[in-house]
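Asks: Chain by chain, the residues run as shown.
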Amino acid sequence: MRTLKALWAIPSCRFAFAVLGLVAFLVVFGGTLAPHDPLKQYTDQVLQGPSGDHLLGTDYVGRDVLSRLMAGTRLSVAGALEAVAIGAVLGIPTGLLSAWMGRIGEWISLRVADTLMILPFTVFAIAVAGTIGNGLQQAMIAVGILISPIFYRVTRSVAMGLRRTQYVEAAELMGATQWWTLRKHIWSKVLPNVAVAGAHATGSSLLIVASLSFLGLGVQPPAPTWGGMLSSDLGYLAQQSWAPIFPALLMMATVGSLNLIADGIRDATGQRRRRRGLLSRALRRGDDLRVPPQRREQRKESSDAAAA
Amino acid sequence: MSEPLLTVTELSVTYAPPRKGTHLGTGAALREVTLDVRPGEIVGIVGETGSGKTTLARAAVGLVRPAAGSITFAGTDIGGLRSRDLRRFRRRGEIQLVFQDPLRSLDPDLTVEQLVAEPLAVAGDVGKAERRERVAEALGLVGLEYAELRGRLPRQLSGGQRQRVSLARAIVTRPKLLFCDEPVSALDVSNRNLVLSLLDRLRTELGLAVVIIAHDLSSLAGIADRIAVFYRSRLVELGPVQDVLTRPAHPYTGLLTASAPSVAREDRLRPAELRRAEDAAPWEPAAGECVFAGRCRFVHDACHRQPALEELPAHPDRSAACHVAGSWIDRVSAERVDTTHRPTTRLGKESA
Amino acid sequence: MPPQPDQTAPTSYADAARTLDVDGLQVSVGDHLVAVRDVSFEVRRAEAVGLVGESGSGKTLTCRSVLGLLPESGAVDAGRITLGEGDRAVDLTRARRSEWDQVRGSRIGAVFQDPGSYLNPSITVGHQLVEQLRVRGGLSRHDARSRAVELFGEVGLHNAEDVFHQYPHQLSGGMLQRVLIAIAVSCEPELLIADEATTALDPVVQAEILELVARLRKSHELSLLLVTHDLAVVAETCDRILVMYAGEIVESGPTEAVLADPQHPYTRALLSVASIGDWSRRTLEVIPGQPPSAGERMAGCRFAPRCRFATGDCTAGPVQIVEVAPGRAARCLRIEEIAAQPNDARVEVSA
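First to last, the protein sequences are chains A, B and C.
Numbered per my numbering, the first sequence finishes at 1366, counting up by one with no gaps.
Numbered per my numbering, the second sequence finishes at 354, counting up by one with no gaps.
Numbered per my numbering, the third sequence finishes at 354, counting up by one with no gaps.
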C-alpha cells in the first residue's frame, strides 16, 4: 500500500497508471464498445484511410481497424498476463527455495534456469506448438516457462542476500521457523523486486505474444490481436504506409507504461539511492583526491538534514 | 556465591578451514575458554577484532557449534541441542543476544511494536492483549514511550532510540542472561552512558545477568563487575574490573589499559613501556606457544609453551594466562624508579 | 624509550605561519538548513587542532568544506577558507576544479574512518602509493618505488617490501590506515585532516596510529586537523581544541586549559561523560535531552534547552563567541556565574 501511494506521487507513474487503466478498460469493454464487428469484412471498403465511418480506416479485407484494435486488446493483454503469471508461479517459489534447498537442489535449479534462458523462444514456442497443439494457451505456457528464470533469478538473488542478514539471524535466535522468516522478513523485500521484474516481463511478453502471432503461432486468425494486426499491416506497406502505426502505438504505450511503473517501484522502494550514487559518482569522477569522499556518511548527513 | 547461570568449560570453536584462494578464516576462533556468568552480574569482554569475543557470544546462544568443550545454561547443554530442541530452547527466550548495529539487526520494514513483539509472536504462547502489554512494559523499561513510538520504523528513530528498541526486544521475553555485542560503539557519548546505565538498571530491576562485549575499556569500567580479556581466541585474563584495569596481570591487558585514550594524565602505564623493542628478534607464535609472545616485552623461554589460565596466588578471584603474570608490572615500576621520575605527560609520547 | 616532556607552550604556535584559516564559515545543506554557522579557527604550522563534537554537530561538514567535498546538497554560504599564507595562499571557498586538483592530495592530505573503502581492492597498496607519487610528486617509476617502500617503513609497516605487494584485503584495519597515512603524507602536504581516523580501531592500534601521526607531525612539520567525537583522543594528541555543538564552535583554546577549566557548560558536560581514564569512576553521567537537529532555527544559545545554567537571556538572542582569556574563547553568556559553581567533572591535570 505504501509503495502504491509513493508510486502515485510520481507524475510519470500517474500517467502510466492512466494509460494502463485505459488498456484495462479496453480489455473488459473493448469488444462490446467496438463500433463494428471486428471480423466483419466490408469488401467494398478495402484499405481505406480514416473516415467518419471507419475512424482508423480499414484493413486489407475491409475490416474496421479501430474495432479490431479494441477487440484485440483482450486477447493480447490476457495472453501476456497469463504468461507472466505462469512465469511467476514457476519462478518465485523455486527462487525462494533455492536459497535454502541445499547444494544439490540449488545446483539443479540453477542449471534448469540457465538452460531455459539460453533457449531461443521462437524455436521453443514452435516446438511446444508442435507437441501440444497451436493455440493461445499453449503458446502462453511456452512463454511463461521461458520467462520464469527472470523471476527465479530476481527472487533468488534477493533471498540469498537476505539469508545472512542480522535480522534473519535474530529471528532464528528467537526460535522462528524458516516459514516464519520467509513470511515476515524475506517476502516484503522480495516483493518490490518481483513487481519490477513482473512489470518488465509483462511488457516483454506483450511483445512476444505479438511476435508469435506475427509468426502465426498462438492466436489464430481471424481473431484480432495487436501483433497479428501489425504483421498483416506490414504486408500492405506500399498501399497504406501509416497503418502499422496504430497497433504499434498502442503496444508502445502499454509496454512503456509498464516500464515507467517498474522504474517507479524501484524508486519508491529505495533502490533509487543506488542509482543516484552511480550518477553522482559519474559526475564527480574527476575528484581524484587520493582519498575519495566518504559517501555513506555524506548521504547520512544530508538525509538527516533533510529529515530535520 | 550463587550457582553460575552460564558455565563455559574448555570451549573451543573452529571455523571451516579457509577455502582455496581466500585468505579469510584462521581455523580456530576460540581455544579452551573457561568462564562462568552468575545471576545478576555484569561481565565485560574486551579484546581485538577477531579475538573471539563475538564467537563466544554466538556460541553461547547456539549460533555456532562448539568443536570441543561445553556451554551449560541453567542445566541445559546448549552445544548439544539439535534443531527442534534448540528451537524450543530459544523460544523460551532465556538467553538473548543484542546485536551490535540495530540498523542491521532490526528489519527495516517492521514497526517498533512488531519488532519488540516478534520474540513473543514467534514463541506463540502469549495472547495478543498480553503481548501488547508486555511490549509496552519492555519499552517502558528502556525508557521509551510505547504510544509515541509503536508505529515508527527503525529508520525513523535516533541512534540511541534504536539501540533501546533492540534492548526492549531482548528483554520482552524476560531473559535471565543478556549478551550485548558492542552495545554502545555506534553511539554518541551522550547516548552511550544512557544505554550503559540502562543495562545497569535492568540488571538490578530484573536480576538479569549481562555480558557486554566492548572494545572501549572506559565504558566497561563504569558498570562491569568482572572483565574477561581475550587475545587471539584465548581468554588471557579474568577478574574484578577495577583490579584488572588498575593492576593488570597479563601484559596484553596492560597494553590495552595503557593504550586507552584518556583526558586525565595520571601516573600509569604507557604503551611504550610495554612494547617489544624494535630490534628484538621477531617471534611468530607457533601452535602451542603463548599467543601473545610475538608482541610481548617480557617474553622468555617458558613462553614456548602456552600458559593455562590460572588463579593468581595472591588473588583467588583473578586469573591470567601468563608465565610472568603479576611480576612484570613490578619490573616496569622498577625501571621507572631507575630513570629519574619525570612528570608524566602522555601528550608527547614518542616511540622513536 | 620513555616519553619526553616536550610539552610545548601552547602560545608558541601563535607566531608560526598560518596553514589554514577558516573565517566565519557557514554551510547549509538540503533546503537551506544552516548546519554550520559562524565557524572561525586557524591552524598554525606544525600545530595539532582537535575538532570535537557529537554526530550532527557539523564537525564533518566543516572538515569537508576544507576539503571541498561537501555533499551534493551542501554549500558554503558565507565565510572564507584560506590555505597557506602570503604567495602560497589559496582561497578554497572560491577555488575551481583545477585549483582543487593542485591542493588536494598535494597540500592537504586526508584520512578517514574506513580506510578499506578508499583503496582500490584490485591493485596492490604499493602500486597505489607509487601512482600517487608519480602523478602528484612527478617521480620516475624507479624513484617512486623506492620512495614508497621508504614511506611504508616510515609509517611503521614492518616488512615494507612485502606490504608493497599486498592487496588491501590482505591487510588489517590498522595497517590499511597506515597505508592511507603514507599516501596522505607522500606529497609533503602542509595540512593533514583526520576525520574519525581511529574511531573504528582497537585501542592498542588507535594509540599506535595516534603516536604515528604525532611523530609525522614533528618530522614533516605537518599541521593536523583532527576531527573526532572522542574528547580523550583530542586530549592525547592536540595542542588546541575546538568544541562544536549543533553547528557552532562553543569553546576553543589550548587543550590543557580547556580540559582543566572548561568555560562552556557543554564542554563541562562532555567532560563528565568522557573517558577520563579513571578506572574506579562508577558513575555514568548523562547529558539530558537531545541536540537540536541540524539546521533547526533557534533564537538564542543552541545548548540552552539542555543547560542547567540557562536563563531567559540565553534564549533571547544569538550568543556571540567571546574571548575569555588569551587564546581562549567561549560562546556563553554566563561564564562568570558558571565558573563560581563547583564542577565535579573538572579533571586534575598535573601542571
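Calculated from the structure, these hints are not laboratory results.
For each residue, glycine too, the CB sits at the ideal point set by N, CA and C.
Mixed in with the good hints, there may be bad ones.
[As the list claims (entries may be wrong)] A short, non-exhaustive set of chain B residues, derived as facing chain A with CB atoms under 7 Å:
no. : residue
1   : R106
2   : D109
3   : V124
4   : R270
5   : R272
[Unchecked claim] Think about it this way: if two alpha-carbon atoms lie no more than 30 Å apart in a straight line, the pair counts; the simulated DSS-like pairs of lysine-lysine are:
no. : chain 1 : residue 1 : chain 2 : residue 2
6   : B       : K130      : A       : K1242
7   : A       : K1242     : A       : K1098
8   : A       : K1247     : A       : K1098
9   : B       : K130      : A       : K1247
Asks: List in ascending order the numbers of the hints, as given earlier, that are violated by the structure.
Replies: Checked against the structure, the hints that fail are numbers 4, 5, 7, 8, while the rest are satisfied.
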